[in-house]
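Novice: Residues per chain, in single letters:
Protein chains: 2
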Amino acid sequence: MALPAKMPICGWLLALSLAALTGNIVAANERTERNCSLTPPYIPSTAVNTTLRLQELREKMLPLNISAYIIPGTDAHLSEYIAPRDNRLAFMTGFTGSAGTAVVTQTKAAMWTDSRYWVQAERQMDCNWALEKDVSVASVVDWLLAEVPHGGQIGFDPFLFAIRKHTEYEVNLESSNRTLKSIPNNLVDEVWKDRPPIQPYSLTRLPDRVIQRSWQMKVEHIRNQMADNPYDSTALLLSALDESAWLFNMRGNDIPYNPFFYSYTLLTMDEIWLFLHTERVTDELKVYLNASCNGPLCVQLKSYDTILGELKKFVAKPGCKVWIGTEYTNYAVVEVITQEKLFTSSYSPVLLTKAVKDETEQRVLRDAHVRDAVAVVQLLMWLENAVPKGTETELTAAHYVDKCRSKQMDNSGPSFETISASGPNAALAHYSPTNETCRRLTVDEMYLVDSGGQYLDGTTDITRTVHWGIPTAMQKEAFTRVLMGNIEISRTIFPSDTRGINIEMLGRRALWEVGLNYGHGTGHGVGNYFGVHEWPVGFQSNNIPFRAGMFTSIEPGYYKEDDFGIRIEDVAVTVPAQTKYGNNYLTFDTVSLVPYDKKLIDTSLLSSEQLQWLNTYYETIRRVLGPELDKQGLREEKEWMLRNTEPFSRSDSGSTRLFSSSLTLITVAVALLQNTV
Amino acid sequence: MALPAKMPICGWLLALSLAALTGNIVAANERTERNCSLTPPYIPSTAVNTTLRLQELREKMLPLNISAYIIPGTDAHLSEYIAPRDNRLAFMTGFTGSAGTAVVTQTKAAMWTDSRYWVQAERQMDCNWALEKDVSVASVVDWLLAEVPHGGQIGFDPFLFAIRKHTEYEVNLESSNRTLKSIPNNLVDEVWKDRPPIQPYSLTRLPDRVIQRSWQMKVEHIRNQMADNPYDSTALLLSALDESAWLFNMRGNDIPYNPFFYSYTLLTMDEIWLFLHTERVTDELKVYLNASCNGPLCVQLKSYDTILGELKKFVAKPGCKVWIGTEYTNYAVVEVITQEKLFTSSYSPVLLTKAVKDETEQRVLRDAHVRDAVAVVQLLMWLENAVPKGTETELTAAHYVDKCRSKQMDNSGPSFETISASGPNAALAHYSPTNETCRRLTVDEMYLVDSGGQYLDGTTDITRTVHWGIPTAMQKEAFTRVLMGNIEISRTIFPSDTRGINIEMLGRRALWEVGLNYGHGTGHGVGNYFGVHEWPVGFQSNNIPFRAGMFTSIEPGYYKEDDFGIRIEDVAVTVPAQTKYGNNYLTFDTVSLVPYDKKLIDTSLLSSEQLQWLNTYYETIRRVLGPELDKQGLREEKEWMLRNTEPFSRSDSGSTRLFSSSLTLITVAVALLQNTV
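Chains as they are written, first to last, in my numbering: chain A, 8 to 684; chain B, 8 to 684.
Just so you know, these hints were derived from the structure itself, not from any lab. All values derive from a computational prediction rather than experimental measurement. Misleading hints may appear alongside valid ones.
For chains that are exact copies, the list does not tell them apart, and a pair is met inside one copy or across any two.
As the list claims (entries may be wrong) - Straight-line Cα separation of at most 20 Å, PhoX-like style, residue types lysine-lysine; simulated pairs:
#1 K587 <-> K567
#2 K410 <-> K645
#3 K606 <-> K200
#4 K328 <-> K348
#5 K115 <-> K140
#6 K320 <-> K348
#7 K293 <-> K324
#8 K587 <-> K67
#9 K293 <-> K225
#10 K324 <-> K396
#11 K606 <-> K324
#12 K320 <-> K410
#13 K140 <-> K605
#14 K638 <-> K414
#15 K309 <-> K200
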């Protein structure tokens with residue numbers, strides 16, 4: 008049980024082993040979650056005591072005359088992943104999951120999060136908090152209607168509400184006689200004494216080798232779109248962090264795993280205002296940005312905190328009209344723009360332009376996936392040897408793959424916290440191991456690893472599920488059907504401008520056939536050194552239609568509670584498809600290059616088309632990954648890759664049944680011949 | 008060329024024959040559409056001269072101070088099919104298609120309709136009208152922004168705008184400095200001198216044998232849903248015509264092909280107000296409706312025209328809150344309800360309840376489809392004999408199937424104007440033959456017939472495409488791929504509560520594979536003696552999720568312009584599917600019972616699953632339709648049906664390719680044996 012030095016000890020694993028010795032496993036499991044129905048309630052050590060901070064927040068609420076205060080789990084840029092200093096939800100509730108909303112009244116407190124996080128919430132929250140499981144705005148509003156008296160006001164921080172979210176609340180509260188009250192000074196910040204400061208970090212510009220379009224070219228391109236827009240917008244306000252990062256080809260590291268810097272951009276036809284923490288802009292970057300002039304291609308640097316004041320002054324001028332995207336702009340900046348000076352679309356022209364990668368972006372993003380595949384192959388090969396020895400855990404595996412990635416060129420860390428999950432832990436779709444929960448890896452459990460890297464040239468995200476022992480028939484069937492889902496999406500041909508939501512059922516269909524399904528989405532956009540979930544591309548209902556040159560993950564799965572979890576995730580790019588009769592059709596080209604666990608594939612379930620796709624994919628892995636492994640001098644890894652990409656033979660496939668009837672025919676033919684002879 | 012008496016003469020066919028004699032076919036074709044770029048413009052005889060009526064309308068617009076007037080193609084109940092007296096769009100423009108919107112300014116006039124109707128519009132409109140092809144509200148608004156000056160008003164009839172449509176216009180006009188002006192007195196009616204009157208028709212109640220729930224039971228059921236609603240609605244306003252028809256188990260015939268009567272219902276917990284043309288209510292119906300009392304199960308009859316006045320009085324009472332469905336309620340009734348007295352959902356609880364058919368409804372709707380199949384089999388068999396003789400046309404075929412249906416029990420006419428289309432006419436997806444356009448049926452062209460019946464127990468809708476000669480390889484491939492689409496949807500297994508829009512791509516996928524597609528939806532709800540397109544069930548994005556007991560059409564197609572059209576349409580009901588692991592899964596059970604044209608099926612393209620589905624379907628036709636044909640003494644039809652439902656053998660199927668390799672194997676085996684011997 009000796010773990011290598013520098014590897015964190017898997018605390019819960021040790022506790023479990025101890026419990027097993029005393030025959031008390033169930034009790035050990037129970038103790039990880041709170042039990043508020045006991046007197047006194049049972050609170051696990053992983054929970055945070057929120058009594059005092061709740062009391063302080065309630066005191067701040069009183070003079071404002073609000074009956075409830077909403078605490079969303081986001082930042083002023085509606086980022087999906089946020090910096091610790093923006094994690095007001097975690098501070099108030101103890102819950103650290105990446106999605107949630109809290110509401111506090113003078114007597115109650117409730118937190119809404121989705122099924123991925125229910126167990127985690129029960130482990131991290133004390134009994135001040137109720138856990139609510141329906142995360143729709145309607146559900147939050149139902150709760151508010153029960154708790155807020157008629158005529159009551161509900162406070163919220165307008166910086167933390169997307170415009171669309173604000174509208175959704177307003178629509179749901181309509182004619183309920185309760186109103187929203189915008190409070191720009193965040194009340195949680197007022198009681199959060201040791202809130203982390205802004206990081207003193209220098210921003211960087213991307214190297215030229217990963218860029219096709221300079222920031223000046225991008226600015227011109229966006230201005231052309233503004234000029235073409237019939238609504239006569241005179242300015243574009245960019246609020247999402249990846250918008251400014253993309254426009255200026257710059258990156259930062261304000262948010263873990265996400266190379267962003269806090270910023271807004273106001274772009275007009277003859278000026279560019281970049282709001283950011285100006286003290287972090289080096290002299291070199293000032294030159295890069297033409298920061299010392301005021302012309303159309305000069306970037307005027309403004310202090311981040313002046314956004315509302317500057318915007319107010321700007322919109323006071325006659326004839327101006329500001330274009331904003333409603334999905335990623337906060338309500339605070341919209342509050343200061345009068346209705347007739349506002350033009351909205353779901354996504355800004357920057358997000359729509361960024362969604363289609365240019366030739367260079369496509370090339371370097373593919374390159375990043377080749378190097379990334381090396382790291383994942385190294386992990387899988389290492390585990391195959393190490394796991395049977397009984398020394399590895401979910402955490403050691405996660406650290407191993409992170410280390411492998413860090414050795415690859417242009418890597419700047421993982422793109423999210425590695426999900427390394429064995430057996431029942433993998434049934435929690437977004438589980439990441441901690442000392443308290445981590446399991447030892449064994450030949451008796453399926454293992455799921457979902458990980459990705461940030462590289463200067465691209466962001467990666469890949470999931471493989473493996474078994475080092477003998478999988479059950481059900482595990483093999485479920486894995487094969489998840490794989491069939493992945494293949495069916497990957498190989499499908501569809502007209503350009505088809506929405507992901509209209510084809511994502513192909514990822515589920517083979518599972519549905521036997522009454523299985525999964526509870527998460529089927530894929531999200533991925534790009535060139537941005538957040539790992541890059542909107543607005545993917546298979547969700549609010550994603551934009553596919554055009555050639557978009558990168559998305561494809562990740563069907565299946566999760567059997569308390570037993571195992573399967574997910575097979577690849578990144579693919581939409582490419583033109585040649586068809587017999589039509590033009591303007593697309594298909595996917597998979598850019599992740601790691602073989603699937605052969606042991607888990609029941610080829611008799613695959614159609615001949617699926618089998619053919621699989622063999623073609625494996626040929627691609629050999630052709631593209633092989634030379635990279637050679638280049639890096641990884642002989643053993645190359646052999647492992649070749650062993651695991653051997654083509655499946657026809658006789659393994661679903662056509663077996665047909666072939667067996669062919670064999671009967673042969674037998675008959677032979678028998679006939681023999682009679683003749 | 009002698010057509011049977013009573014059959015209308017196919018005028019255009021004769022013209023075409025004459026043209027052919029003089030070698031002038033192309034010119035004959037050209038002459039059917041207007042040409043506004045000529046001087047003077049060429050206007051075909053099928054077009055309507057709208058100069059005078061436009062002038063009169065523009066005079067009515069002047070005193071109202073509106074720069075534009077919108078004329079939607081619907082009625083006050085947002086009906087899809089409308090009575091001639093409501094066809095203001097047709098009166099103003101000449102265009103008689105079932106979907107369109109017109110806008111008139113003092114100098115311009117434009118009409119928006121979708122691709123199904125572009126050719127028809129060019130034939131029916133004079134050069135006062137521009138044809139606009141993007142039917143989105145955004146496109147209409149773009150046009151309005153170009154034509155209406157800043158500060159200008161745009162007039163509309165609030166009775167002809169669904170609430171949702173009104174919101175859509177408002178959102179699109181937002182911050183454009185143009186406003187909508189509600190004008191409850193319709194301006195077209197003011198210039199339409201010979202507008203048809205209301206029909207003097209007696210309403211009827213449905214016979215008990217087709218009903219499980221009396222109107223009293225339905226009222227109680229809906230009241231329970233009102234009581235359960237957390238928004239405390241005290242009244243439900245029903246505005247769509249099928250809502251009142253369903254609730255009271257009553258029908259009328261105000262709209263051709265649609266058994267509806269003009270009506271609104273206001274339902275509270277202790278009163279029922281039915282607004283209709285009271286002079287049409289017979290004494291027997293008054294008894295049926297308990298019309299002489301005021302209790303909770305008494306129907307108080309109110310005059311149709313008093314709806315706004317009565318509603319105003321009703322909402323003036325304190326504490327009332329009116330529930331309406333935004334998809335099928337006009338803006339006029341909402342205008343009189345203040346915001347805080349309104350509760351909205353997309354569809355009323357009546358439309359949602361009606362969407363799931365009860366046991367009796369399911370049984371009798373299946374029965375109607377059995378009798379309906381007899382009529383379609385009679386048509387197909389008759390055409391097979393008659394067409395080679397050269398005497399039949401699109402119109403004679405349409406009349407034949409209408410006549411066959413009329414002989415079936417409980418038939419009350421077709422459910423829409425029969426689409427009977429040969430060769431290039433079938434490429435117009437919703438073409439119906441007229442004297443001017445109808446073609447002779449020949450063995451050289453594909454033929455498409457889309458028809459349906461209204462029966463007291465159900466509404467039917469079925470499309471078959473056939474060829475009496477030798478189809479081209481492309482026709483056969485396209486037909487087979489359309490059929491594959493129909494089969495793939497029909498046989499798919501999916502979780503209850505899946506939306507149609509998420510699975511409808513299965514109807515397109517086999518076409519997409521070779522770069523083909525179709526430009527219309529994939530299916531719509533069908534029900535028990537209502538309109539043939541019964542909302543909100545189907546495969547459109549605003550349809551509700553599927554639950555067991557919903558009936559929908561499944562109708563993929565393919566249309567090759569100026570050449571041929573294919574559509575294969577069946578009605579199917581969602582039924583529970585048994586799966587290996589899961590519960591609450593559904594699949595479709597096809598209730599239309601007419602075989603497909605064997606000659607057009609390339610079985611080598613079908614998967615073994617598709618082939619198996621097809622053979623099982625044919626067994627069902629034999630099992631269910633066979634006894635009905637026997638009962639009706641239709642021996643010849645029975646033989647035709649049996650001939651056309653012979654099972655496809657395995658050797659016809661997609662496994663051919665595998666079998667041919669098996670044959671190679673056999674050859675090899677035999678060769679080896681011979682060598683041995």
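Novice: At most 20 Å between C-alpha atoms: does K606 with K324 qualify within a copy, between copies, both, or neither?
Specialist: The answer is neither: 68 Å in one copy and 72 Å across copies each exceed 20 Å.
Novice: How would you classify K320 and K410 at a CA-CA limit of 20 Å: within, between, both, or neither?
Specialist: Classified as neither; 50 Å inside a copy, 75 Å across copies.
Novice: When no copy is named, should K410 and K645 be tagged within, between, both, or neither for a Cα gap of at most 20 Å?
Specialist: Answer is within: at 19 Å inside a copy they meet the 20 Å cutoff, but 74 Å across does not.
Novice: Give the relationship of K140 and K605 under a CA distance limit of 20 Å: within one copy only, between copies only, both, or neither.
Specialist: Classified as neither; 37 Å inside a copy, 52 Å across copies.
Novice: When no copy is named, should K606 and K200 be tagged within, between, both, or neither for a Cα gap of at most 20 Å?
Specialist: For K606 and K200, the Cα distance exceeds 20 Å both inside one copy (53 Å) and across copies (79 Å).
Novice: Up to 20 Å between alpha-carbons, please classify K115 paired with K140: within, between, both or neither.
Specialist: within (16 Å within a copy, 55 Å between copies)
Novice: Checking K293 and K225: alpha-carbon separation at most 20 Å within a copy, between copies, both or neither?
Specialist: within (18 Å within a copy, 72 Å between copies)
Novice: Quick one: K320 to K348, C-alpha cut-off 20 Å, is that within a copy, between copies, both, or neither?
Specialist: within (13 Å within a copy, 40 Å between copies)
Novice: Measure nothing new, just compare the shortest in-copy and cross-copy C-alpha distances for K328 and K348 to 20 Å and report within, between, both or neither.
Specialist: within (4 Å within a copy, 35 Å between copies)
Novice: Measure nothing new, just compare the shortest in-copy and cross-copy C-alpha distances for K638 and K414 to 20 Å and report within, between, both or neither.
Specialist: For K638 and K414, the Cα distance is within 20 Å only inside one copy (14 Å; across copies 80 Å).
Novice: Can you tell me if K587 and K567 fall within 20 Å by alpha carbon in one copy, between copies, both or neither?
Specialist: between (42 Å within a copy, 15 Å between copies)
Novice: When no copy is specified for K293 and K324, does a C-alpha distance of 20 Å or less occur within a copy, between copies, both, or neither?
Specialist: Classified as neither; 28 Å inside a copy, 67 Å across copies.
Checked against the numbered hints above, the structure violates hints 3, 7, 8, 10, 11, 12, 13, 15; every other hint is satisfied.
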